[in-house]
Amino acid sequence: MSAFWQGLKSFLQERGGEILNALGEHVYLTMAAMGMAIVLAVPVGLILTRAKRADKVVLGIVGVIQTLPSLALVGLMVPLLGAGPKAAIAALFLYALLPIVRNSYTGVRNIDPAITETARAMGMTSREILFRVELPLSVPIIMAGVRTSTVICVGVATLGGVVGAGGLGELIWIGIDRAEDALIFAGALPAMGLALLLDWVLSVGEWLFTPAGMREDKGSAQAGA
Amino acid sequence: MIRFEEVWKVFPGDVQAVCDLNLEVAEGETLVLLGTSGSGKTTTMKMVNRLIEPTRGTITVQGRDIQQENPIKLRRRMGYAIQHIGLFPHMSVGGNIGVVPRLLKWQPDKIAERVDKLLDMVGLDPDSFRDRYPAQLSGGQKQRVGVARALAADPPIVLMDEPFGALDPITRDGLQNEFLELESEIQKTILFVTHDVFEAVKMGDRIAMLDEGRLQQVAPPAELVEKPANEFVDQFLGQQRFQLSLLTRSVRTILKEQERPEQAPEGPPPEERLGARMSLVGALDLFKKTGRGDLPVYRGKEYMGELHKDDLLQAVGAVLGELGEER
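Order-wise, the sequence lines are chains A and B. With positions in the first sequence counted from 1, the corresponding number in the working numbering is that position plus 67. With positions in the second sequence counted from 1, the corresponding number in the working numbering is that position plus 16.
A portion of the hints provided could be inaccurate.
If the Cβ cut is set under 8 Å, some of the chain A residues that face chain B in the computed set are [said to hold, decoys possible]:
{"hint": "1", "residue": "Gly102"}
{"hint": "2", "residue": "Val106"}
{"hint": "3", "residue": "Gly130"}
{"hint": "4", "residue": "Ile132"}
{"hint": "5", "residue": "Pro136"}
{"hint": "6", "residue": "Ala139"}
{"hint": "7", "residue": "Glu184"}
{"hint": "8", "residue": "Thr185"}
{"hint": "9", "residue": "Arg187"}
{"hint": "10", "residue": "Met189"}
{"hint": "11", "residue": "Gly190"}
{"hint": "12", "residue": "Thr192"}
{"hint": "13", "residue": "Val200"}
{"hint": "14", "residue": "Glu201"}
{"hint": "15", "residue": "Gly231"}
{"hint": "16", "residue": "Met281"}
Label pairs and their in silico Cβ distance ranges [unchecked claim]:
{"hint": "17", "chain 1": "A", "residue 1": "Val124", "chain 2": "B", "residue 2": "Pro28", "range": "34 to 42 Å"}
{"hint": "18", "chain 1": "A", "residue 1": "Val124", "chain 2": "B", "residue 2": "Val26", "range": "26 to 34 Å"}
{"hint": "19", "chain 1": "A", "residue 1": "Arg194", "chain 2": "B", "residue 2": "Ser154", "range": "45 to 53 Å"}
{"hint": "20", "chain 1": "A", "residue 1": "Val106", "chain 2": "B", "residue 2": "Ala151", "range": "46 to 54 Å"}
{"hint": "21", "chain 1": "B", "residue 1": "Val297", "chain 2": "A", "residue 2": "Arg194", "range": "47 to 55 Å"}
{"hint": "22", "chain 1": "B", "residue 1": "Pro124", "chain 2": "A", "residue 2": "Gly83", "range": "18 to 26 Å"}
{"hint": "23", "chain 1": "B", "residue 1": "Glu129", "chain 2": "A", "residue 2": "Arg120", "range": "33 to 41 Å"}
{"hint": "24", "chain 1": "B", "residue 1": "Ser154", "chain 2": "A", "residue 2": "Asn88", "range": "54 to 62 Å"}
{"hint": "25", "chain 1": "B", "residue 1": "Ser154", "chain 2": "A", "residue 2": "Arg282", "range": "44 to 52 Å"}
{"hint": "26", "chain 1": "A", "residue 1": "Arg194", "chain 2": "B", "residue 2": "Glu85", "range": "17 to 25 Å"}
To give a feel for the contact side, a few chain B residues facing chain A, derived at Cβ under 8 Å [what the hints assert, rightly or not]:
{"hint": "27", "residue": "Asn65"}
{"hint": "28", "residue": "Leu67"}
{"hint": "29", "residue": "Ile98"}
{"hint": "30", "residue": "Met107"}
{"hint": "31", "residue": "Val115"}
{"hint": "32", "residue": "Gly254"}
{"hint": "33", "residue": "Gln255"}
{"hint": "34", "residue": "Phe258"}
{"hint": "35", "residue": "Arg315"}
In case anyone wonders, no lab produced these hints; they're calculated from the structure. As the structure is a computational prediction, the values presented were derived from the model and not from experiment. For each residue, glycine too, the CB sits at the ideal point set by N, CA and C.
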């Protein structure tokens with residue numbers, strides 16, 4: 068047993084800096100792609116709820132992108148943007164779109180029509196209905212999409228190693244290349260930890276963004292009229 | 017106040033929801049649109065605030081053709097209350113009530129003041145309810161908030177679509193009574209949609225009976241019950257005729273002409289007085305509760321005379337007899 072810990076210790080002494088470095092790059096790839104994806108996908112999803120026919124088309128296109136094997140998508144970005152972080156971020160960005168667009172769209176679409184009709188009957192404009200009623204009510208669903216995308220992104224970002232974007236994927240690729248299991252774990256375990264951590268952080272964010280009246284801990288309902 | 021002139025609504029697929037409707041709602045009046053589902057009552061109501069646009073015909077509100085008006089502004093001038101849901105779950109009670117005042121850009125302190133006043137008006141303590149969320153309210157409390165919200169910006173017209181529909185009978189009855197009292201103070205023009213004939217008789221100054229988009233009869237409750245205009249209305253009232261007759265006939269109509277003393281013999285406590293406009297059912301209830309043989313009748317503060325229990329029972333018997341003869 069002590070031999071194992073000794074081994075781990077010397078491994079970390081030797082590779083620790085490299086792992087931290089790769090983790091930093093990995094966070095950067097994920098965050099950059101997710102940031103852009105959120106900024107684009109949430110408004111697109113919301114606009115689609117107001118579209119008559121474009122909604123099916125756009126959701127279809129975004130869905131098709133999702134079916135492209137991630138390895139191929141990353142590879143296809145290289146001729147366009149050159150090898151390096153740009154190609155990886157572009158691929159991650161495209162990959163992250165679908166869950167966010169779709170959840171923003173369905174979040175609004177699934178709101179009880181009686182609620183939006185009441186908003187309309189009270190004299191809210193379409194814009195006021197969106198920002199005062201529909202958006203706050205769909206926050207939990209939009210955030211669920213963001214969480215899904217983030218977890219996918221952390222995983223897919225390991226492919227950044229293939230196109231020279233760095234990140235934890237690089238350790239894994241080197242490990243595979245040299246048949247060195249320790250390196251594969253040195254890449255995979257931090258990636259798993261990162262996915263879990265980001266998911267947890269976002270779940271806290273989801274709770275914070277969810278309007279108070281809709282949180283799970285609603286308190287006890289009062290009896291009587 | 018609200019006038020429908022030859023109004024039609026035909027939905028795609030040639031579904032005639034409203035056919036050639038001519039109807040006028042007077043200022044301060046509560047007009048009930050009564051009918052089964054599919055009768056066109058809700059469609060009729062939703063055309064008033066342009067949630068639904070008529071296919072043909074003209075609707076005027078306060079003398080102006082609503083087609084010429086901005087629908088957003090039109091809607092902000094009208095209160096709107098619907099069955100159970102409707103409250104915004106992400107807003108507090110105060111937030112819900114203040115929606116229209118906020119849209120109208122009232123000052124925050126004026127809105128807060130108005131919210132508290134309305135909560136008081138619908139019988140909810142402002143301090144304990146203002147910051148609660150709809151999920152923390154009972155069905156009855158939600159309805160109260162819904163009514164308060166409809167009245168928030170003090171609109172001259174209020175549209176109500178089965179606002180007490182999702183309640184148990186006892187809570188509903190209590191809320192109806194409170195609303196009647198409230199309504200006599202605030203004097204609004206109300207368009208009230210219901211499928212419940214008892215609610216219609218209770219709440220309405222007049223009832224407009226609809227069937228398959230066509231207006232069957234418009235009349236005050238007593239007239240609708242006593243003189244149904246056609247077979248449909250007659251059948252709709254059906255089994256409930258006896259009860260409805262007792263509900264729509266008031267104590268005044270059976271009070272015998274008698275020498276009225278200027279003053280009541282002794283001022284009995286208010287809970288032992290009959291109101292002149294109280295229904296025969298209400299009178300029966302009060303006799304049962306007090307166990308008295310006769311009760312004084314008052315119109316407001318004015319003493320009208322005594323009603324003997326035997327006379328009341330005779331009147332009830334007469335109603336039963338009338339219905340028996342018709343059969």
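How the hints compare with the structure:
Taken as an interface hint, A:Gly102 does not check out: its beta carbon lies about 26 Å from the nearest beta carbon of chain B, beyond 8 Å. Residue-level restraint check for A:Val106 is violated (minimum Cβ-Cβ distance to chain B is 24 Å; threshold 8 Å). At about 30 Å, the closest approach between the beta carbon of A:Gly130 and any beta carbon in chain B exceeds 8 Å, and the interface hint on this residue is violated. Nearest Cβ of chain B to the Cβ of A:Ile132: about 33 Å, over the 8 Å cut. The hint is violated.
The restraint placing A:Pro136 at the interface with chain B is violated, with a minimum CB-CB distance near 40 Å, outside the 8 Å limit. Using the Cβ-Cβ criterion of 8 Å, the hint placing A:Ala139 at the interface with chain B is not satisfied: the shortest such distance is roughly 42 Å. At a threshold of 8 Å, the smallest CB-CB gap from A:Glu184 to chain B is about 7 Å, leaving the interface hint in force. Because the beta carbon of A:Thr185 sits about 4 Å from the nearest beta carbon in chain B, less than 8 Å, this interface hint is met.
For A:Arg187, the interface hint holds, the least distance from its beta-carbon to any beta-carbon of chain B being 6 Å, beneath 8 Å. Among the interface hints, the one on A:Met189 holds; its C-beta lies about 5 Å from the nearest C-beta in chain B, closer than the 8 Å criterion. Hint status for A:Gly190: holds, given a least beta-carbon distance of 4 Å to chain B, under 8 Å. The beta carbon of A:Thr192 comes within 6 Å of a beta carbon in chain B, closer than 8 Å, and the hint placing it at the interface holds.
For A:Val200, the suggested interface contact is upheld, since its CB lies about 6 Å from the closest CB of chain B, less than 8 Å. For the restraint placing A:Glu201 at the interface with chain B, the shortest Cβ-Cβ distance is roughly 10 Å, beyond the 8 Å limit, so the hint is violated. Restraint check, A:Gly231 versus chain B: the minimum CB separation of about 46 Å is more than 8 Å; hint violated. The beta carbon of A:Met281 is positioned within 8 Å of a beta carbon in chain B (closest approach about 5 Å), and the interface hint is therefore held.
Between A:Val124 and B:Pro28 the beta carbon distance is about 24 Å. The supplied range of 34 to 42 Å is therefore violated. For A:Val124 paired with B:Val26, a C-beta distance near 32 Å keeps the hint of 26 to 34 Å intact. Look at A:Arg194 against B:Ser154: about 34 Å separates their beta carbons, and that is not inside 45 to 53 Å. Checked against the given bound of 46 to 54 Å, the beta carbons of A:Val106 and B:Ala151, roughly 32 Å apart, lie outside it.
Between B:Val297 and A:Arg194 the C-beta distance comes to about 51 Å, which sits within the given range of 47 to 55 Å. The hinted range of 18 to 26 Å is not satisfied by B:Pro124 and A:Gly83, whose Cβ atoms lie roughly 56 Å apart. The supplied range of 33 to 41 Å is broken by B:Glu129 and A:Arg120, whose beta-carbon atoms lie about 47 Å from each other. A C-beta distance of roughly 59 Å is found between B:Ser154 and A:Asn88, which places it inside the suggested range of 54 to 62 Å.
Taking 44 to 52 Å as the suggested C-beta distance range, the pair B:Ser154 and A:Arg282 does not conform, at roughly 20 Å. In this structure the hint that A:Arg194 and B:Glu85 lie 17 to 25 Å apart at CB holds, the actual value being about 20 Å. Hint status for B:Asn65: holds, given a least beta-carbon distance of 6 Å to chain A, under 8 Å. The interface hint given for B:Leu67 holds, since its Cβ lies 6 Å from the closest Cβ of chain A, which is under the 8 Å cut-off.
The closest approach between the C-beta of B:Ile98 and any C-beta of chain A is roughly 6 Å, which is under the 8 Å cut-off, so the hint is satisfied. Interface restraint check for B:Met107: the shortest CB-CB distance to chain A comes to about 7 Å, inside 8 Å, so the restraint holds. Interface hint at B:Val115: satisfied, since its Cβ lies 6 Å from the closest Cβ of chain A, which is below the 8 Å cut-off. With 8 Å as the threshold, the beta carbon of B:Gly254 stays out of range of chain A, its nearest partner Cβ sitting at about 30 Å, so the hint is violated.
Proximity of B:Gln255 to chain A is violated relative to the hint, the smallest CB-CB distance being about 29 Å (cut-off 8 Å). For B:Phe258, the interface hint is violated, the least distance from its beta-carbon to any beta-carbon of chain A being 29 Å, above 8 Å. With a least beta-carbon distance of about 30 Å to chain A, the hint placing B:Arg315 at the interface is violated under the 8 Å criterion.
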